[in-house]
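One letter stands for each residue in the lines below.
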Amino acid sequence: MEILLVLTVFIPVAGALALILAPRMDYRRARVVALGTALVALGFTAVLMLAFKPGVTTPQFALGGPEGPYGFLWMERASVRFALGLDGISVWLFGLTSLLMITAIFSSWEPIRDRPALHYALLLALETGLLGLFASLDVVLFYVFFEFTLIPLFFLIGIWGGPERRRASITFFLYTLAGSLLTLLGVIALVVVHYQYGTGGLTFSIPELTRGLATVGARWPDWAKADSWTSPQVLIFLLLFAGFAIKVPMFPFHTWLPLAHVEAPTAGSILLAGVLLKVGSYGLLRFNMAMTPAGARFLFPLLATLAVVGVLYGALAALAQSDVKRLIAYSSVSHMGFVVLGMFAMNTTGMNGSAMQMINHGLTTGALFACVGVIYERYHTREMGEMSGLWARLPLFTFFFILSCLGSAALPGLNGFVGEFPILVGAFARHRLSAVLASIGMILGAYYLLWMLQRVVFGPLREPHGHEEHEPGDVPPPEHTPTGHAGPDARHGGVRPVGWHEVAGLTPLMVFIVLIGVVPDMDFNDTRPTIAAIALPYQRMDEREEEQDGPRLGLSRPVAPADAADGPLTQVESKGRR
Amino acid sequence: MITSAYDVARQSFVILLPEILLLVAATAMMTAGAFVRVPRRVWYATSVAALGAALMVLLAQGSPATDPYSSVALGDAFSFFSRVLLAFSGLIMLALAHDQVDDARAAEFFGSILMIQAGSMLVAAANELVFLFVGLELVSMPTYLLLYLSRRNATTQEAATKYFFLSIFSSGLLLFGLAYLYGLAGVSNLKALAYLSGHVLGMPQGQFALIAVVFVVAGLGFRVAAVPFHFYAPDVYQGSPTVIAALLSWVPKAIGFFAMLRTVTAVVAAGDPGSGLAHRAVVLAWVVAVATMTLGNTVALAQDNLKRLLAYSSIAHAGYLMIGVAVAFRNRPDSPFYLGAEGILFYLTAYAFMTLGAFGVIILLSTPERPVETVDDLAGLARTHPASALAMALCLFSLAGIPPLAGFWGKFALFASAFGLGRSNDGALFQSLAVIAVLNSAVGAYYYLRIIVGMYLRPPTADAPVPRFAWPTSVAVAACALLTVLVGLFPSPLITATRNAALSVMQQPDPNAPAGPVATAARSVARP
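So the sequence lines, in the order shown, correspond to chains A and B.
Quick note: the first sequence uses our numbering, first residue 1, plus one each step.
Quick note: the second sequence uses our numbering, first residue 579, plus one each step.
Hint data in this document are derived by calculation from the structure and do not stem from the laboratory.
Owing to the predicted nature of the structure, the values given are computational and were not obtained by experimental measurement.
One thing to keep in mind: the hints can contain errors.
Computed spacing ranges between beta-carbons, pair by pair [as the list claims (entries may be wrong)]:
(1) A:PRO252 to B:VAL861: 32 to 38 Å
(2) A:PRO252 to B:GLY761: 54 to 60 Å
(3) B:MET719 to A:PRO252: 55 to 61 Å
(4) B:VAL1053 to A:GLY36: 33 to 39 Å
(5) B:VAL1044 to A:LEU450: 57 to 63 Å
(6) A:ASP222 to B:GLN639: 49 to 55 Å
A few chain A residues that face chain B, going by a derived Cβ cut-off under 8 Å, partial list only [unchecked claim]:
(7) ARG77
(8) GLY158
(9) PHE173
(10) LEU182
(11) GLN196
Glycine included, each C-beta is placed from N, C-alpha and C at the ideal position.
Using the sequences and the accompanying hints, generate a full structural model.
Rendered as structure tokens:
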């Protein structure tokens, strides 16, 4: 199993190398090679997920036993280790990455004709970066994968993107780099603090750092108390936050996202929204929340404000869009606001919801972007004003589109609901107003998604004229086709029906959208123990505060199980408590 | 241990064998060049053979032991590491230079490069103030010659003159600083100086030592192109042939930092921490580092000429490297975290590959009829010449510090060394330095990215440079790109080597055990 995990991470890059070494390969063969590689990785991932034992807090599938040191030495000098392993939070993100990669490859099946081998090689390289990142048990390894993902995505946006692709790729790269370099400093600071004050010696291992930093307060009292902006935990929290908040993106740092999304090719958008944004929230949970809890608690007012403003601002901005892709991009800002709000609720309910919502958002937004790709490939426009009633033309597409919209709008019974509801419950227990405001965002979310549906798929059939300009075989020179579009099937009067590859790309996502909505426990069972460990320091701090000040209107404690409504959630509460 | 002066002299001779070999070859080539006319490739082959032989000797002898308190040259881990690095990068530079000169001047051209090699390796091995200075001058003088030799037009003249006068001026500054350093303890042996400052004198003359530090850093600041001695770099790089610009961006910078590590940082760090000298030295290095990297990065943003851009980039990298110097002023050899010197050595190694690789691609693409001058000249390179574009992209990503390439680990080591001192007296200084450096590298990524965007995301221009085939240059560029990746993926051996080198430059063995002449003197002072 340990070897299988390492293999899963590196199989995509092997496929990428094979594709790079044959740059003249035609698109038919290249896409098959890419799909084969991604399917093998997905198969291995499935084996890993089935073998994953819920209820274990230590990382699984790690070389070197459950207690560490994990993996093998990569750099002797600083004891940086090459250590891979999965725990309850990362295993689902790992699976999400493998799954969305299939969707991404299928969505580039027809449109990518310009340098296809390079395109698929970059996609696979990106997959290795993402899988490695979620499986990393070492901060330096995590960081290496974290930054490495920038390079393939930079080229994916820059070569196959829309008309503004150069600006979009540079903005994306620099914005993310600036933040992540500050995160690197934060990580180094954590290691130095742990080394100088902790008992574990010099280590870069994430589980060991998390354990060790919790005991630093005993030897360095300043560490445990965070009461001003210059407290060590607050400063380190902010350093770490810089990179992850940009990646999420949280409200004032979101400006790169609409640009990057709109310009990115469909496959890039799917992975960007589906997985790369989760890198930010995963990092927040793994580093900020788990390693600097006192800092997080001190900064709660700021963080909750940013999250709630993100939820509302993203929703309002989405309402104002006429471009479908832009609308979904802004909806990501709003939904990721929910994810971070759940985290900042600092109780097990909210954090579990947050971990769940990461997966949900990946599934629904990935599906939505794939659907937009379906439209764009046929009509070469995404303006809602130019189209309506597509139901009549593309019934199968409409089914996928409506289902993913409903999942995204948190319809009970679908996946969005089981993620956003615990987030609101958790946030309510921490701070009422933020939960109330965020639930307005949920209503707005339903509003803009349904409105989009109404404009695009309902009403009388009105098709954009864009596709008529492209005759069969009219493939302009690659330099001038940003997306290398114009499939041979776009011809007068007829629009190519949804192809088998589009169905194959979207169906697994639909299955999971329904499945998670109906059986949320299959995710919660895995996340609960890990989340309980992360939430424990917050629970202790809450209890200590209550002892000192008396209960604050009963709000600082998580809501009692009886209040938390339906089945799965009560279990979250009761099991997550200790 | 060695006792007699004869043994010491013999040991020094053995240590300096590679440099002697190079100098003999260079002198023979330059003398013979006046009398015989043979094609360029003969001179090239001779110089490669000489440098290869020097490298072999170096590898064969390893780290011979000497008495550090009486020998003029050291064979310690630092000397071994830096000389191997210099010799290896010298081979790369020779490959880049192999067709950049006409037959008539080839003998002088390659002879000068060999002399520069010998001088730079002398600096890395030097254990004596005078000897160190001789090494630095042995680098400078052939450089003047090279600047004049290659092309004889107005811009080259201007570049050469500018470089000449500033170099003389900086040598004067350096000599002044070295004199004060000598005046501190009355010895010119560097190890003895560090030992005396740490164990015996406790730096009583704080002002004296500060003057020494300021002037030595100023004098060497010219070599590494640190603010305020940077302004020659863009003009000289632009005005001189590309291969000379590559040489100028690497050799003087490397030996400048080697010399700083050999002279001031070891002495100051060993000195009594309570004297306040270390604090002032740290502040000095802080100011120089911040000014250098900020200026280099911001001005580089506005450059269109590739050589000017790389010149400002090399200034910015000098700024990052100055972080290591600031940290080294405070480091004690017992610190188990990253050392400043360690960061510098690793960064310099990575810098050698990525900078020489980037210049190498420009050399590979340039022809006398169609020189590659601006960023736009590289547009669409990924289509016209994908291999060159890939090598260039790897080097540039590495310069920008993107993992998993060599440049990232250099930055990582430097930032980590700064944070490792977070608990010391100047903790806030070091932390702020790391934050400023990080923001700088984000800014710096932009201009590297601009070149990559041009190569990969723009269509080729009508008169795109026609790639020519020159196998030594191609091999050198490929080696640089490959090493950038390999060092990035497997940094461990290099990190161990830099650690040992960094420790050896900071160590002052107990002079009571051996019985060298200076050691005896030190002992007599220590026990009145």
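Hint by hint, here is what the structure shows:
1. A:PRO252 to B:VAL861: 32 to 38 Å: Given about 35 Å between the Cβ atoms, the range holds.
2. A:PRO252 to B:GLY761: 54 to 60 Å: For A:PRO252 and B:GLY761 the Cβ distance comes to about 57 Å; the hint holds.
3. B:MET719 to A:PRO252: 55 to 61 Å: Distance hint for B:MET719, A:PRO252 holds at roughly 56 Å.
4. B:VAL1053 to A:GLY36: 33 to 39 Å: holds (35 Å)
5. B:VAL1044 to A:LEU450: 57 to 63 Å: Cβ of B:VAL1044 to Cβ of A:LEU450: about 59 Å, so the range 57 to 63 Å holds.
6. A:ASP222 to B:GLN639: 49 to 55 Å: With Cβ atoms ~52 Å apart, the hint holds.
7. ARG77: Since the shortest Cβ distance to chain B is 4 Å, the answer is holds.
8. GLY158: With a closest approach of 5 Å, the A:GLY158 hint holds.
9. PHE173: Constraint on A:PHE173 satisfied, holds at 6 Å.
10. LEU182: Cβ of A:LEU182 sits 6 Å from chain B, so the hint holds.
11. GLN196: holds (6 Å)
Checked against the numbered hints listed earlier, the structure breaks none of them; every hint is satisfied.
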